[in-house]
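Visitor: Residue numbers (my numbering), protein chains in the order written: chain Y, 4 to 273; chain R, 20 to 308.
It is worth saying that the hints were derived from the structure and are not from the lab.
Ideal placement from N, C-alpha and C gives every residue a C-beta, glycine not left out.
Some hints could be false.
Stated by the list, open to error - Facing chain R, according to a computed beta carbon distance under 7 Å, are these residues of chain Y, among others:
#1 Trp6
#2 Leu71
#3 Ser76
#4 Thr110
Unchecked claim - Rough simulated footprint, nothing fancy, chain Y against chain R, three-plus residues with beta-carbon under 8 Å:
#5 90 to 96
#6 191 to 205
#7 280 to 292
As the list claims (entries may be wrong) - Listing some non-contacts, in silico: residues in chain R with all C-beta distances to chain Y over 12 Å:
#8 Pro45
#9 Gln99
#10 Asp105
#11 Arg145
#12 Gly228
#13 Val244
#14 Asp257
#15 Arg295
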Amino acid sequence: MVWLLWRQHRTQALATVGLLVVLGVLMLVQGSAAYVYLGMLPVAPLLVGIFWGAPMLSREFERGTHRLAWTQSVSRRRWLLTKLGSLGLAVTVAGLVTGLMVSAWATRFQQSVFSDDALFGGSGVAAGAWWLFAFLLGAAAGGVLRRLLPAMAVTIAVFMLVLFGLLQARQNYAEPLFQQSDKGPEPGAMITDSTWVDPSGTPVADPPACAEADQITYTDCVEKAGYRLAFYVQPQDRYWRFQWTESGILLLGGVLLAAPVMYRVLRRPV
Amino acid sequence: MTVTLTGVGKRYRRNWVLRDCSVSVPAGRVVALVGPNGAGKTTLLHIIVGLLAAEEGNVTVLGHPAGTRETLPRIAFLAQDKPLYDGFSVADMLRFGAHTNPHWDAALATTRLASLEIPMHRKVGRLSGGQRAQVALTVALAKRPELLVLDEPLANLDPLARHDVMRGLMAAVAEGGMTVVLSSHVVSDLEDTCDWLVVLNRGQVQVSGDIEDLLGSHRLLTGPVELADTLPLSVVDDSRTERQATVLVRSGDAPVDPRWTSRGVGLEELVLAYLRRPDAAALPRPVLA
Chain Y
4 MVWLLWRQHR TQALATVGLL VVLGVLMLVQ GSAAYVYLGM LPVAPLLVGI
54 FWGAPMLSRE FERGTHRLAW TQSVSRRRWL LTKLGSLGLA VTVAGLVTGL
104 MVSAWATRFQ QSVFSDDALF GGSGVAAGAW WLFAFLLGAA AGGVLRRLLP
154 AMAVTIAVFM LVLFGLLQAR QNYAEPLFQQ SDKGPEPGAM ITDSTWVDPS
204 GTPVADPPAC AEADQITYTD CVEKAGYRLA FYVQPQDRYW RFQWTESGIL
254 LLGGVLLAAP VMYRVLRRPV
Chain R
20 MTVTLTGVGK RYRRNWVLRD CSVSVPAGRV VALVGPNGAG KTTLLHIIVG
70 LLAAEEGNVT VLGHPAGTRE TLPRIAFLAQ DKPLYDGFSV ADMLRFGAHT
120 NPHWDAALAT TRLASLEIPM HRKVGRLSGG QRAQVALTVA LAKRPELLVL
170 DEPLANLDPL ARHDVMRGLM AAVAEGGMTV VLSSHVVSDL EDTCDWLVVL
220 NRGQVQVSGD IEDLLGSHRL LTGPVELADT LPLSVVDDSR TERQATVLVR
270 SGDAPVDPRW TSRGVGLEEL VLAYLRRPDA AALPRPVLA
């Protein structure tokens, strides 16, 4: 089936490699200014979901070619597992390559991959996990809906939900540390919350002495009253732990979505 | 027996598309599966090739359950819309066949397409309907199957293309001794080429038998309408006007009133008569093994 895999998916494979090359060149040439594009990194797995995942089954069903593919000498199960396995591997590798490029860029240009939403998901291991998750999501949508456009729409909708959900959840992968320092929060840390503390160190929601102050004088009033700013942070040394946590969640989610759908397709309802 | 269905039932949502279907197809026959639209012909064929799983009953193809590793390499299927990968060239479709089948006859495929003058490098999506049908049929034939199943292969083809497809099919049958099952709702297309008839009506098998035997065992009687109720033979269908009755009967030894004129029946008439009478059946007697 190797020839068939290449022949059916060569366009999207070449396009993906091309985009990775363009991304790499951009990051090299523009240096830290490339951040403008990297802010859009979450779009990459979304594209994988709709162009690699959603068509895998839905195009075959829509065109009726599943009746051609599954009556050759390759069993339905072998066809499905080979497609899932090889395309899944390809997108995971591509995602990891992206992650590697982003991590290298961040190290070179002294950007923090931990404190930034887009960079965290697009670097290290999580990049590969996001790409694989989106692929499995798209494949599951295609297997259930059996038509390409609805499968793409559902993939986009669910992906966005998961993206926003994990962006919020990311701050809570571990119990945040409470830090108060006159120099401000430690560099490169993920800030989850901030609060005022009174001179004895207890967090206070609103310093009572400055309830009357307006927006401009508020900070002066508070500091004069002895209150300081404190932060709840995830320190930077937790980066890899968070990477693996997020990757695990995505992997589990992808498998939970795709496995029942593939099982149903293998039961030969259509 | 090449294909044996026993008590096969298939449901779609809450409707039974096939109910208690039992039919046996002997090897080497060219089977015509006929029936009105919606009778369940496509569903039956999909079950035979393993694309669908039957809810009830058993399907045995070439001695093994349908759709398994043992049967898939020995059968070939041409689905109703003759699916092909539109972005592939004709040559790519042949490579597809070669890479997904162990016993692929590449020489047969290229020779056949060359004799039909179909260009190898043209994209499949740009071929005419007749050419697409021939390419799809070639992909099926080059697999060298023991059982070839075709779902309405002549639909949407112009008369010349229909003739060419049937001729190609018959040539392949003559060479190989394969069993062919093809469905159609146009009986006249199949008359000259098929030797076994299966009539499917509302999800049930009404007729299954050798065509020569079936035609030999039925007669069309025409006579005065007063005699219509007193025929000593088994009646399949009768239609009456005020003065005359036309009755399709199964032949027998009982003597018939000389006022009846009798003639043989054509395949289409036979099929139509059975389709009009869903309660009638002409099924082979069970054979004790």
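Visitor: So which hints don't hold here, by number, going up?
Guide: 4, 6, 7, 9 and 10
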